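Visitor: Next come the chains, spelled out residue by residue.
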Amino acid sequence: MAMEGKDIEALIRAAFPQAQITVTDTAGDGNHWAAEVIDESFRGMNRVQQQRAVYASLKGRMDGPQGELHALALTTKVPE
Amino acid sequence: MSAKDQIQQTIEANDVVLYMKGSKMMPQCGFSSRVAGVLNYMGVDYLDVDVLADPEVRQGIKDFSDWPTIPQLYVKGEFVGGCDIVTEMTLSGELDTLFDQKGVGYNKEAADKIREANA
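Chains as they are written, first to last, in this note's numbering: chain A, 131 to 210; chain B, 2 to 120.
Hints were generated in silico from the structure; no laboratory data involved. Keep in mind that this is a model prediction, so the values were computed, not measured. Hints are all accurate, no fakes.
Here are the simulated DSSO-like pairs of lysine-lysine, each with C-alpha atoms no more than 30 Å apart in a straight line:
#1 B:Lys-77 / B:Lys-63
#2 B:Lys-25 / B:Lys-77
#3 B:Lys-22 / B:Lys-5
#4 A:Lys-207 / B:Lys-114
#5 B:Lys-22 / A:Lys-136
#6 A:Lys-136 / A:Lys-207
#7 B:Lys-5 / A:Lys-189
#8 B:Lys-22 / A:Lys-189
#9 A:Lys-207 / B:Lys-77
#10 A:Lys-207 / B:Lys-22
#11 B:Lys-63 / A:Lys-189
#12 B:Lys-22 / B:Lys-77
#13 B:Lys-109 / A:Lys-207
Work the whole structure out from these sequences, hints included.
Guide: Written out as structure tokens, the structure reads:
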């Protein structure tokens, strides 16, 4: 089952309520997504830690052959 | 040997290791292809491990780094990141700095060319 952009955003939003989140369908096929997450909580974390936190919010949907999210490009930033 | 021990041994025995889908000459996924392409172009000497060849390694590498996606780049035994992080680091020059610090050889001109082409 493929996921919709609003589902992806809702999952990330639940973990990062104050974040600026932009989800884009990069291929227009509902299967290749990009998400940019800008959140104060990332301050002091390196990129691996930031992205690990976002992956954790997706609760396993990236995992395994049955993962609903086939492709999600992530960008994480601290607010300017 | 467990998948975890096997991975630990591999990343300790090789300065640069890319866990990917497919091989460096024939990647099987766009994200793996992008990272392998950067390393190939920069002339980095690295070991490619095809996770599609071994289900235990495919799951094992995700557990090992607590990172749910492939590809995964390791330099001198340390997890550097996946496709998005390696791409950002290539464009910002941080990957050059990391290689310099860790004593990994690469072609600086090629790295600059990648940045010029994506400026």
